[in-house]
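Asks: Go by the hints and put chains B, C and D onto chain A.
Number of protein chains: 4
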Amino acid sequence: MKSFASDNYAGVLPEIMEALGKANVDHARSYGADEATKKAVALFRDVFEADVDVYFVFNGTGANVLSISSATQSYNAVLCSDTSHIYNDESSAPETFTGCRFFPLPANDKGKLDVAIIHERLIRKGDVHYAQTAMLSITQATEYGTVYQPEEIKAIAELTKDNGLYLHMDGSRFFNAAASLKCGLKDISGNAGVDILSLGGTKAGMMFGEAVVVFNKELSKLIAYKHKQTMQLASKTRFIAAQFDAMLQNELWRTTASHANAMAELLCASISKNRKVKITKPVQANAVFAEIPRGWYEPLQKHSPFYVWKESTHEVRLMCAWDTKEEDIKQFADAVNALPK
Amino acid sequence: MKSFASDNYAGVLPEIMEALGKANVDHARSYGADEATKKAVALFRDVFEADVDVYFVFNGTGANVLSISSATQSYNAVLCSDTSHIYNDESSAPETFTGCRFFPLPANDKGKLDVAIIHERLIRKGDVHYAQTAMLSITQATEYGTVYQPEEIKAIAELTKDNGLYLHMDGSRFFNAAASLKCGLKDISGNAGVDILSLGGTKAGMMFGEAVVVFNKELSKLIAYKHKQTMQLASKTRFIAAQFDAMLQNELWRTTASHANAMAELLCASISKNRKVKITKPVQANAVFAEIPRGWYEPLQKHSPFYVWKESTHEVRLMCAWDTKEEDIKQFADAVNALPK
Amino acid sequence: MKSFASDNYAGVLPEIMEALGKANVDHARSYGADEATKKAVALFRDVFEADVDVYFVFNGTGANVLSISSATQSYNAVLCSDTSHIYNDESSAPETFTGCRFFPLPANDKGKLDVAIIHERLIRKGDVHYAQTAMLSITQATEYGTVYQPEEIKAIAELTKDNGLYLHMDGSRFFNAAASLKCGLKDISGNAGVDILSLGGTKAGMMFGEAVVVFNKELSKLIAYKHKQTMQLASKTRFIAAQFDAMLQNELWRTTASHANAMAELLCASISKNRKVKITKPVQANAVFAEIPRGWYEPLQKHSPFYVWKESTHEVRLMCAWDTKEEDIKQFADAVNALPK
Amino acid sequence: MKSFASDNYAGVLPEIMEALGKANVDHARSYGADEATKKAVALFRDVFEADVDVYFVFNGTGANVLSISSATQSYNAVLCSDTSHIYNDESSAPETFTGCRFFPLPANDKGKLDVAIIHERLIRKGDVHYAQTAMLSITQATEYGTVYQPEEIKAIAELTKDNGLYLHMDGSRFFNAAASLKCGLKDISGNAGVDILSLGGTKAGMMFGEAVVVFNKELSKLIAYKHKQTMQLASKTRFIAAQFDAMLQNELWRTTASHANAMAELLCASISKNRKVKITKPVQANAVFAEIPRGWYEPLQKHSPFYVWKESTHEVRLMCAWDTKEEDIKQFADAVNALPK
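Chains as they are written, first to last, in my numbering: chain A, 31 to 371; chain B, 31 to 371; chain C, 31 to 371; chain D, 31 to 371.
Chain A on its own, in the form it takes in the complex (with noise of 0.2 Å):
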């Protein structure tokens, strides 16, 4: 099967599994005392030109739970968009681990937080009856497939810092999201003025493993006994490690997000013109929006399985992976023109 339903369908790129090989010889320390956790956090300091401190976890939730959790205290609350997959996707493990509240900000029509609509959501500073806000999360790329450029970032980490606030990232895409703004990591992220970063391997193509960068320094104090007690920390962390430091060697990453991000926008311009077709939001990283009409879900299903994701609208998502060949395309395009208009 080939499908379009997640970037989480693929397997592991090649060069991760010969990674994890190399990776397995001899006996190495255990919780991440190896030379090779040692070795990719390093490799991280250079990318992100920064004394980064970093943490290999086993999932995104994982990712998104622990960076929250070294930022907050249980009176604390935490703002995300209403399309987050934070405040969507993730049970409540957020609160039940953290004891936060979280309040939903509404995304704009590109899936993105303005400022103003954060700014309006500062509220009630130093009152105890109500859950004092913390952290602001947003996503890079959005849940949407559509990006922030850094300055929409640097501005509201500037309305963060501003206000005592700390600025998380999830960035389970977030290498399509550099490959798409063709930036380094660090310019959308530490330079940018994120705090925390829960920096996505698995959907780039690793076989498992996120990684939590910490870009302020203030977030390191405690985050260790958050690794382990959030149930991040893996006994063989040198597999996590190997997997990343592959992906960051000549910026592994760019090339496959990049080859993703730019089978979505084949995969749009191949659809885009079917008159039924509505595409919803801008095509800048590896997924595609689009209205289709209500009759289509179950044929094109069945050729290549995809998310509805408003049913109301008939909204479905179509999302490209490392692995994404142009003749997948080709064929669920024709797949489509090929249904009555």
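The hints are simulated quantities; they were obtained by calculation from the structure and are not laboratory data. Keep in mind that the hints are not guaranteed to be accurate.
Stated by the list, open to error - Here are the computed lysine-lysine pairs in the BS3-like style, where the Cα-Cα straight-line distance is at most 30 Å:
| id | chain 1 | residue 1 | chain 2 | residue 2 |
| --- | --- | --- | --- | --- |
| 1 | B | K68 | A | K32 |
| 2 | C | K69 | D | K332 |
| 3 | A | K340 | C | K191 |
| 4 | D | K251 | A | K155 |
| 5 | C | K68 | C | K247 |
| 6 | C | K191 | B | K251 |
| 7 | C | K155 | A | K140 |
| 8 | A | K140 | A | K355 |
| 9 | D | K191 | C | K52 |
| 10 | C | K247 | B | K155 |
| 11 | D | K191 | C | K355 |
| 12 | C | K355 | D | K332 |
| 13 | A | K303 | A | K140 |
| 14 | A | K155 | D | K69 |
| 15 | C | K308 | C | K247 |
| 16 | A | K247 | D | K184 |
| 17 | C | K52 | D | K360 |
| 18 | A | K251 | D | K251 |
| 19 | C | K251 | B | K247 |
| 20 | C | K355 | B | K155 |
As the list claims (entries may be wrong) - Some chain C residues judged to face chain A by a derived CB distance under 10 Å, without partners named:
| id | residue |
| --- | --- |
| 21 | T126 |
| 22 | F127 |
| 23 | R131 |
| 24 | P134 |
| 25 | G214 |
| 26 | Y327 |
| 27 | E328 |
| 28 | L330 |
| 29 | K332 |
Note that the Cβ used here is the ideal one computed from N, Cα and C, for glycine as well.
Replies: Just chains B, C and D now, with coordinates in the frame of chain A:
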């Protein structure tokens, strides 16, 4: 470095690496809806000869917390050994996630819990002022490298059933226990009255991943939600499933765990005659516990790292793994016996 | 100072003080095992004409958290109004204690929840990635001083039942609602389909204390344990019980709540003709919401404190209590009408 | 019924009832912003001769949980006596709310913690696998009716300071302790090195209410938020404040606690000569612990209820209160001595 520090210093079994490679084809549905996961679960049902539910998780702490959270409400208490991993080595993850109180019971001189000790703590049922005991957690093989006999487990299970408690088994070295007892996996879990098992894969030679095996259908009611909520649901679940599939095929686990156990036995035999070495626990799985002179730490740890378990008595833990070689044992024993007596 | 800031600025009803004095004789068993508590609970059963369970608690947040924790597991979600006390004024106590996600629903222009709005959010049942909605919480009287009609509650209750949700009512001003509707307490709670009620005593003229009234026996299973665990079990429970006993005797609550409501009506009538005053919500209980000129805050608050509800529209809340006098209203209205028009 | 079951069976001191009546005039600001609260806090500062912060709460569990939550993060551990209220009688409220692990330490034969025992458990600092000990909680007077001498507290405080721990004192019978020692409140709290105190009012003769007294300004940083979040912030705080004000005025507490202590001493003297009665703990506050024949429970409890503390040794607890009369003691002693010897 070859080490006796922990079995999680070892790498990944070649058979597991091969299985990972084979699993890496095509797209597969995520979050456990894939075919590899279904196949592995079916194999679990064959092996355990029961209609078990199986939840693949990332690590041992995750397995334990998921198991406990599926059986408890936040006003409950869990009984466990004062030497257990869950009580000593998982930070406060169990409390933070489940809200429960954990009451330690004294382990006997073999690192096991006696029925009488458990019975003594089944108190204050129905008293709202007291966290209500809902579960007992035992470890197989124990943290001291000893194993519960099937009848011992049955006796404990009878007690827990009679008192309305669930019985959890932390089986991070469960394969070593079954290999030691030369019995089937089922004989010391479901068939012996265990309700839910944390089955360890990582220390047995996997890259990552453990399985929560549910024998008691009462505990299956909400565990799928807890699986996600505890941050233990992998998007590319197939890569945990494939490892367990390989581990269970032709009892690969028995071959490798038996080897590790044999190495521990050999190590014990090789150093126990040294009159300054006092073996402190029966060697039944893959660990050797011994009291050695304080002055030996440094020269020996230079040779092969190991853990000092109890500083006050100079008790150290020497752990063998699937990849420990007779030669490693010989070299270490030679080093021991070369020390001034 | 006489104030329109909140009904919790008022003191204690003389009848309640008398009841407290009478309760203060001899020894009584603690933690609710006393005779006064039994007597009060029996009176609740008479008044609500149902076999309700009653748990006396300390304050409104405690009542709400206990109610919700008796109906939820930590992977659940609770729906509530975006204007509700539980969402805005109880810190993150609900999350920290229950672990649940709280989803806000937009209140209509009367501060109430419409069935259609609720219905729209009954989504993703059985989806492990989404915190599973288990409860709806509505407020009677609402935070805007409006009241749900019995039929409105019944319609909401029908929807929640049909969808497997429990219905919680935050009744911190429940007596005001019943007095406004000239109905019995049962008619807008148990008989209308409410599963569990936070019944407010403090704002109604008690010294402290609220009651959690359980109509649905499903929710009685573990609430006694939660009662203690939420830190809401008073050792000298008789002193809360005695207050509620006095409040329910001869419908003392109706006399006092009707008075507070009448005062709000009078206040509304007294200021609404001023052309700079815009009454924004129907005055149905003991609150008046009005938009007034920004410049009036200072001179008026000097006279009698009140809350600014919404700074952007200059909407203020004027709250009457059991001890508000016609003279207080007159003086305040005179002050309003003396301001430059 | 006159009872020796618990000092919380007693009612409210007449002086406290009078104070409640006096506090019940006019409107007062809610949530502790009122004048009565300010006045009471000022009196605390006078009495403790320190710039303490004071938070009035509803009950003892609330006081303890608030105290601990102000000093801990969820990855922390708290050391406490295995006989402590917080470990045995507060359900899992401490864990559920703070997320922390609670490690029990064995109390000595006087129900107190020895420095050596505490010292032994100050282990694994900085080890992320181990819940990091952040606080020690001791009880004054202890659950066994014994009291720590000021020097004992100072020695413990020195140990905790030296090891970076906060020292909490559960003082639900703190007044009894100070009365027993004939010292000032400050001498066994702030001046002895206690960082935060749960000061009990209810058992001392108040209707409800305890006070959290903060000596260490480090713990004042966020406690106001925790006060609300733990559901312990009363809207009509004046009625707790007024009770404490009365209790501290002219050392009312000393008069009443000394009386309760004297009654316990009398009770001890009255029954200890009976050769079947074995007094098991020094009688230093208002409790008498004694082993009595199993067959005495029924006839004696019919006369005056009491708690069986330890069934295995037939140890019972006889508790005196502010309202225990010499006559009550005499009648009970007569009943004891009338039993077959």
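Asks: Please work out if K247 of chain C and K155 of chain B have their alpha carbons no farther apart than 30 Å.
Replies: Given that 30 Å is the threshold and the Cα spacing comes to 21 Å, the pair holds.
Asks: Does the alpha-carbon distance linking K247 of chain A and K184 of chain D stay inside the 30 Å limit?
Replies: Distance ~36 Å between K247 of chain A and K184 of chain D Cα, so the pair is violated.
Asks: For the pair supplied as a hint, K355 of chain C and K155 of chain B, is the alpha-carbon distance within the 30 Å limit?
Replies: violated (53 Å)
Asks: Is it true that the CA of K303 of chain A sits at most 30 Å from the CA of K140 of chain A?
Replies: holds (21 Å)
Asks: Can the hint on R131 of chain C be confirmed by a CB-to-CB distance to chain A that is less than 10 Å?
Replies: Interface hint status for R131 of chain C: holds (4 Å vs cutoff 10 Å).
Asks: Does F127 of chain C pass the interface check with chain A, least Cβ-Cβ distance below 10 Å?
Replies: Constraint on F127 of chain C satisfied, holds at 8 Å.
Asks: Under the criterion of a CB-CB separation shorter than 10 Å, is E328 of chain C in contact with chain A as hinted?
Replies: violated (21 Å)
Asks: Starting from K155 of chain A, check that the Cα of K69 of chain D is at most 30 Å away, please.
Replies: Given that 30 Å is the threshold and the Cα spacing comes to 27 Å, the pair holds.
Asks: CA of K251 of chain A to CA of K251 of chain D, is that 30 Å or under?
Replies: holds (18 Å)
Asks: Does the alpha-carbon distance linking K308 of chain C and K247 of chain C stay inside the 30 Å limit?
Replies: Measuring from Cα to Cα gives roughly 45 Å; hence the hint is violated.
Asks: Please check whether K332 of chain C passes as an interface residue: C-beta within 10 Å of a C-beta belonging to chain A.
Replies: violated (22 Å)
Asks: Is K52 of chain C within 30 Å of K360 of chain D, Cα to Cα?
Replies: Roughly 28 Å separates the two Cα atoms, so the pair holds.
In the structure shown, a violation is registered for the earlier hints numbered 9, 11, 12, 15, 16, 20, 25, 26, 27, 28, 29, in ascending order.
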